[in-house]
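K.L.:
On the provided structure of chain A, position chain B as indicated by the hints.
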Amino acid sequence: MAKKNAANGAAAATGRVGAKRPSDERTLGRLVDLGTKVSTESVAGSDPFVDIPTRALSNTNWNAKRRILEMGDASQRRNLFNLGQARKFMQTLLIASGCKELIEQGKTLSLRSMYYKSLHTIAGTKEKTFADQEESDPIIEDLEVALGSLREELHVFASERGKVVGNLTIIDNGDEIDLRRMGTGGYAIPSIVEPSVIKFGKCEAKFILHVEKGTVWARFNEDRFWQKHGCILTEGGGQPPRGVRRLLRRMHDELGLPVYCLLDCDPWGHYIYSVIKQGSMNLAFESERMAIPDAKFIGIRASDYERYGLTDDVQIALSDRDTGRAKQIAEYPWFAGKKEWQREIQTLLRNGFKMEVESLITKGISFVTETYVPQKLAQKDWLD
Amino acid sequence: MPPETEEIKPHPKGIELGILIQMLERTSATQLGAFFKQEFCRIGPSVAKEICASAGLSDRTWVKQVGHADAERLYQALEQVKVSAPPTNCVQAIGTKTLLAGLLKEVKAEFYAASTRPPSVYRGRPFIIEAAIAFGGALDSEEPSRVIRFANRVPLQYQQAACSSFKAVLETNWRNYGLAQPRGSVPVAPLVVMLHMASVWVPFTSESKEAIADYDEIRKEMRLALQECGRRLQTYLNRRRRMARQGERRSAFLRYIGEISKSCGELTGRDAKAVYDALMKQAEAKTAEFDLVLDDEGRVVDDGGSLAKDEGVVIVESRQTALTSPVEGEGAAPPVEGGTLFADSPAASTKRAKRS
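Order-wise, the sequence lines are chains A and B.
Its first residue numbered 1, the first sequence is counted upward by one per residue in our numbering.
Its first residue numbered 1001, the second sequence is counted upward by one per residue in our numbering.
Check each hint, because a few of them may be wrong.
Think about it this way: if two alpha-carbon atoms lie no more than 25 Å apart in a straight line, the pair counts; the simulated SDA-like pairs of lysine to any residue are [as the list claims (entries may be wrong)]:
| # | chain 1 | residue 1 | chain 2 | residue 2 |
| --- | --- | --- | --- | --- |
| 1 | A | K88 | B | Q1246 |
| 2 | A | K202 | A | G186 |
| 3 | B | K1286 | A | Q85 |
| 4 | A | K376 | A | Q315 |
| 5 | B | K1262 | A | A123 |
| 6 | A | K126 | B | A1272 |
| 7 | B | K1281 | B | E1248 |
| 8 | B | K1273 | A | L119 |
| 9 | B | K1037 | B | A1085 |
| 10 | A | K126 | B | S1251 |
| 11 | A | K128 | B | E1248 |
| 12 | B | K1273 | A | V32 |
| 13 | A | K199 | A | R181 |
| 14 | A | K296 | A | F285 |
| 15 | A | K37 | B | R1242 |
| 16 | A | K128 | B | E1284 |
| 17 | A | K296 | A | N282 |
| 18 | B | K1273 | A | Q85 |
| 19 | B | K1281 | A | A123 |
| 20 | B | K1286 | B | R1242 |
| 21 | B | K1167 | B | G1312 |
| 22 | B | K1262 | A | L28 |
| 23 | B | K1013 | B | E1284 |
FYI, nobody ran anything at the bench for these hints, they're computed from the structure.
Pulled out of the complex, with its shape left as it was, chain A reads as follows (with noise of 0.2 Å):
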């Protein structure tokens, strides 16, 4: 059945087939104990459980010296002999089972050839494993929890999303890519991004730019900023997917390379900019390997407004969910001691519109790649 799947799910996954990675080992030890410790527990007749660290912000510190966010010791006892948890009891052993399954063949699956994996109706009812991959894609991160095994070591990766050009040639699985030959259309990065599979080659660039969704990407790339500016321009479509924020990190760490965010000027935007910087609540435990503490936000600045003398037409008014979502956004310890984040809010909210980043189209088509972006980026004008 794993062979199937893989072979209609996503053509990228097959292409890795084969591939063993030294987490294997490890993680492959680590599903058999979960298995072994509720096969014991059961034999020995006791409520067999799983523990699952709680994944919140109850449950999230901010480690103000690194920087970055970290998931704390609070988990939840998932038993099976609780009305609530025995059907996600079950679900958590059943994906727990299909994982050892592919890291055995050494085979890779998305959430969704994953859900698809560990569907079936359970025998002598009408009740269906998994009702959706809603329900599944939680399973798979309490288990990646759990274990302390990240999703990519259980051999499971996320849609992908997001796209990357610039002055940097990498060596994907084997073939190497240049990634300055990349037309209009870009790299996609793929889910799984670690050293195993991706390695950096030949690097020119000399910071790089993190734009938020593809439209503002193809504006940059038509205009070849990265070759002008020397940079590598990445995007990853709203709220970035791991593997363009593990790939930003690396590039960040390994090739020394500044990171500046160009997003939106609104909470989701300012949020985006959170979770590149100091990492996800859901993800905490993975800020270690993802977060880039030193990030910048170089815009759209709500001062911008006035600054680059932008119309009416280009406000979109703050709905009651941006404000409450900005004023809890605000209240975020990495954000509550930033003066300049908290005016930035400020006038955010003050204002009472929001922006996007193609709002900068009105001053002219290359206004943001010819004079905003280089602007900004020579006067040093941006958000810590």
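P.N.:
Using the frame of chain A, we list chain B on its own:
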């Protein structure tokens, strides 16, 4: 048939002027004092004297000399005088057992309850109200409930809306007992309601004897009888809900154990059967524990115990003969198939099996 009733004389509060005049004409008594003592219940010599005095007459007044005006004054005096309530051995209830047997025979339901009120008096006339309900089973849950009315063991077929019994059913708040009841209507539920009024004088609204007239005392008794049945129904429904919940809980565990043991086997590479057996055993132990908890907690909501002991309740178990103790003189009650709601829930039947 219920035993014969005692005959009583009219009670002073229960007569009208015309009847009083008629009684005065037909009596064999010669003097007023003797007339009252002889023709009425609950009137002694002193009360008779009091009545005559307040009508401006004496207990020695000759009955033959009482004119129409005197009779009117006497009637008013009767209205005002204080006398005790009439004896109630003159009315006879059908009895809960017979009521239940009747319903069981006619209505295919799963729950039956009946209650007989103690005798009461309206306008000096003793009466007894009895109510019975049948719920669930083959009854239609989408239709308004049916109300069956009886007066002195005779069914009333017409003018339902004008009848006090029907109004009492409307007036009762069935929502309290977990049934749906649209405003100003009978409950929409798989329910049949039966009401019986036994009295020396049933106050019909007209000579056609189709509907019982409204008297506060009668309506109140009817309501109380219905409420008694309703409370038992609620107890039953609560218990049923609880059992369904317990059943769900149990089957959830049983469902997942197969998957869990299989996954464990795949993870460890060892035999899944041992884990399966161990978990099955645990699940059974846990659910047995749930039963115990339920029974212990039964005090809060109720377990089958108090309902089972209640003479006014019959619960038809699926595929079981109703009424384990036969109705007197009737032999065993007919077996009734019912309880479709129960039959759906396997857990419920296992639980019942354990109890019995």
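K.L.:
All the hints need checking, so say for each whether the structure fits it.
P.N.:
Results of checking the hints against the structure:
no.	hint	in the structure
1	A:K88 x B:Q1246	holds, 19 Å
2	A:K202 x A:G186	holds, 18 Å
3	B:K1286 x A:Q85	holds, 15 Å
4	A:K376 x A:Q315	holds, 22 Å
5	B:K1262 x A:A123	holds, 12 Å
6	A:K126 x B:A1272	holds, 23 Å
7	B:K1281 x B:E1248	holds, 18 Å
8	B:K1273 x A:L119	holds, 22 Å
9	B:K1037 x B:A1085	holds, 16 Å
10	A:K126 x B:S1251	holds, 13 Å
11	A:K128 x B:E1248	holds, 16 Å
12	B:K1273 x A:V32	holds, 17 Å
13	A:K199 x A:R181	holds, 17 Å
14	A:K296 x A:F285	holds, 22 Å
15	A:K37 x B:R1242	violated, 34 Å
16	A:K128 x B:E1284	holds, 23 Å
17	A:K296 x A:N282	holds, 22 Å
18	B:K1273 x A:Q85	holds, 23 Å
19	B:K1281 x A:A123	holds, 19 Å
20	B:K1286 x B:R1242	holds, 16 Å
21	B:K1167 x B:G1312	holds, 23 Å
22	B:K1262 x A:L28	holds, 17 Å
23	B:K1013 x B:E1284	violated, 67 Å
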